[in-house]
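What follows is the residue order along each chain.
Protein chains: 2
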Amino acid sequence: MEEQVEMVGRAFVEHYYHLFDSDRASLASLYHQSSMLTFEGQKLQGVDDICSKLNNLPLEKCHHIISTIDTQPSSFPGGIVVFVSGSLLQSGEEHTLRFSQMFHLIPTPEGSFYLQNDIFRLNYG
Amino acid sequence: MEEQVEMVGRAFVEHYYHLFDSDRASLASLYHQSSMLTFEGQKLQGVDDICSKLNNLPLEKCHHIISTIDTQPSSFPGGIVVFVSGSLLQSGEEHTLRFSQMFHLIPTPEGSFYLQNDIFRLNYG
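Line by line, the protein sequences give chains H and R. With this note's numbering, letter number 97 in the first sequence gets 467, and the count goes up by one each step, no holes. With this note's numbering, letter number 62 in the second sequence gets 432, and the count goes up by one each step, no holes.
Keep in mind that the hints were calculated from the coordinates and are not lab data. Just so you know, not all the hints are guaranteed correct.
Claimed, not checked - If you want the footprint, here are the derived chain R segments under chain H, 3+ residues with CB under 8 angstroms: (1) 392–401; (2) 405–415; (3) 471–478; (4) 487–493.
Every residue gets a Cβ at the ideal spot worked out from N, C-alpha and C, and that includes glycine.
Generate coordinates for the entire structure from the input sequences, incorporating the hints supplied.
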């Protein structure tokens with residue numbers, strides 16, 4: 371059970387950053403109308419607002435390098451909380467930006483997951 | 371509603387770090403038997419194991435300085451996810467350690483909250 375949570379959480383997160391870095395518009399498939407994203411303190415809700423934010427970031431092309439992925443089952447049946455730390459490399463830049471991000475994955479009737487909660491912060495200092 | 375979630379989440383987190391820094395043993399009141407803590411990748415479950423870990427950290431006395439607190443309502447009725455970034459100052463040390471931490475707060479029948487999910491990571495690099 372615990373191993374499955376970890377496997378599913380990791381696979382989802384790797385899929386998420388792969389889409390982010392290769393075909394950002396397709397992240398829309400991972401959010402629902404109820405989904406919430408807090409990006410550097412800015413609160414967005416719903417797949418349209420969230421994807422509009424992600425697709426218009428001042429990051430034309432970037433690459434996420436994952437350092438750690440921690441997963442736990444959540445109190446929502448079948449839900450998984452995931453905590454990620456890593457670095458963001460922007461195309462044409464030499465320096466990476468450290469970030470942390472948390473996700474709350476909720477199972478869908480189709481046997482997949484969507485992101486209900488998503489909080490992203492750059493780590494300064 | 372959204373404002374209340376933010377107010378409650380912030381108050382809980384400030385209370386948590388106040389207890390951590392002033393009377394760490396009393397953090398036991400914020401965890402239940404089902405609670406999970408992942409501390410720098412180490413998984414612990416239940417109030418006894420979690421508090422034993424927290425009380426035996428190689429941090430005799432420390433002070434948490436909070437930089438950011440982001441909150442969202444979770445899918446669990448009345449639940450709140452909180453994401454914190456900040457710095458940890460150890461007694462007698464000059465340098466702070468950056469950390470990020472996420473909590474999933476679940477309401478109790480008594481009108482309070484407990485920590486079901488807690489994931490802590492130091493931010494290196």
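Going through the hints against the structure:
1. Given as covered by chain H, the region 392–401 of chain R fails the check, having 0 residues with a CB less than 8 angstroms from a CB of that chain where 3 are the minimum.
2. Only residues whose C-beta sits within less than 8 angstroms of a C-beta in chain H count toward coverage, and the region 405–415 of chain R has 4 of them, enough to reach three; the restraint holds.
3. With a cut-off of 8 angstroms between beta carbons, the region 471–478 of chain R has 3 residues touching chain H; three or more are needed, and the interface restraint holds.
4. Coverage of a stretch by a chain is defined here by at least three residues with a beta carbon nearer than 8 angstroms to that chain's beta carbons; for the region 487–493 of chain R and chain H the count is 4, and the condition holds.
The structure fails to meet hint 1 from the earlier list, while all remaining hints are met.
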